[in-house]
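**Student:** The chain contents come next:
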Amino acid sequence: MIAVIVFWTLAVITVLSAMITAFSRNIVYSAFALLGSFAGVAGIYLLLGADFLFIIQIFIYIGGILVVTIFAVMLTQGVADMNISNRIVGLIPAALIALLAGAVMLEAILRTPWPHPGTAALNPTTHAIGNAFLGPFLLPFEIASVVLLAALIGAIVISRQAARAEA
Amino acid sequence: MYFDYAVVLTLTLIGIVLLAGLMGLQKLLAPSNPFARKLMPYECGEPPTGNAWINFNVRFYLIALVFVIFEVEVAFIYPVAAVYLDWVRRGQRWFALSEILIFLLILFVGLIYVWVKRDLEWVKKVPD
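Residue numbers (the working numbering), protein chains in the order written: chain A, 1 to 167; chain B, 1 to 128.
If you're looking for bench data, these hints aren't it; they were derived computationally from the structure.
A couple of the hints might just be wrong.
Unchecked claim - Computed beta-carbon distance windows for the label pairs:
1) A:P140 x B:L97: 16 to 22 Å
2) A:L99 x B:L29: 47 to 53 Å
3) A:W8 x B:T10: 16 to 22 Å
Unchecked claim - Some chain A residues flagged as far from chain B (calculated, every beta-carbon gap over 10 Å):
4) V12
5) V15
6) S30
7) A94
8) A95
9) L99
10) L100
11) A108
These figures come from a predicted structure and were not determined experimentally.
No residue lacks a Cβ here, since even glycine has one placed at the ideal position from N, Cα and C.
Please put together the full structure from these sequences, using the hints given.
**Tutor:** Printed below as a string of C-alpha cells:
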C-alpha cells in the first residue's frame, strides 16, 4: 500500500519535472528541472530493490551529470535572453515523433511478459556487486579504471583548446 | 530491505512538512508590505545592474569534467568498499587492498596528467 503511494508520488514528480524540462522557455529552468526528474527515477530504482543503481543515480546523475549540464548552460553566452524564432515550426514534427516513439514503447511494454521476480530479488545488490568486482569480474573492474583514464584525458584534450581560446 | 529506507522516507517527509509548515506559518503571521525598492537584491548597498545570470569562467567546466571522472571512480570503489571487511575476515586483506590500490593508481596517472599540463590552473588571457 505504502509502496503504491510512494510509486505514484515519484512518478508524478518525475514526469512533471521532465515536462518542465521539455516545455520551459528558459533553458536554465530546464536544466534545474532535471534534478526532480533524476531524483524521481532514483526513488523508483529504490522501490524496485536496486539499491546500487539508486546510489549511482544520485551520485553520478544528480552529483555529476547535472552539475556539468548546469555549468554548460551557465557558460553559454546570453543564455537567459536567447530567442528561439521557429518555435511553432518544430512543434508539429516533434509531436509526431513523440507519438511514434510512444507507440513503439507502448507496444514493447505490452508485448514483454514481465515475470515477477519474487521477494528474493529485493535483497541489497551492493554487496553482490562488490564481491563480483573482486571475484569473477576483477579484470573488467581494473579495465574500467583505464577506460576512465582515457575518458579523462580525452575530455581534457578536447575542451582545453576551447577553454583557452575563450578565456 | 524496504525497512531500511523507511528511515529515508520518514526523514524526507519530516523535511517537507517542516519546511512547508514553517514557510506557511511565516506567510500567515508576518506582515507583508512589498514594494519595488524592498524587493531589489541586496548587493552591499550598491544598486545592481544587468542580469544575475552572468557567464561563468570556462575554467569551471574543465574542473567539472575532471570531477565527474573521479566521481565515477568513487562509484566503482563504493561496492568494493562495502564488502572490504568481509574479505579482510576471510584473510584476503592484501588481495582486496591491492586491487583497490591498482584501480586508484591508474586513475592517479590522470590526475598527474591534468596537473602537469596545468589544466587545473586558472585560464589566463595571456597565451602560453
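**Student:** Which hints from the list above does the structure break, by number from lowest to highest?
**Tutor:** none
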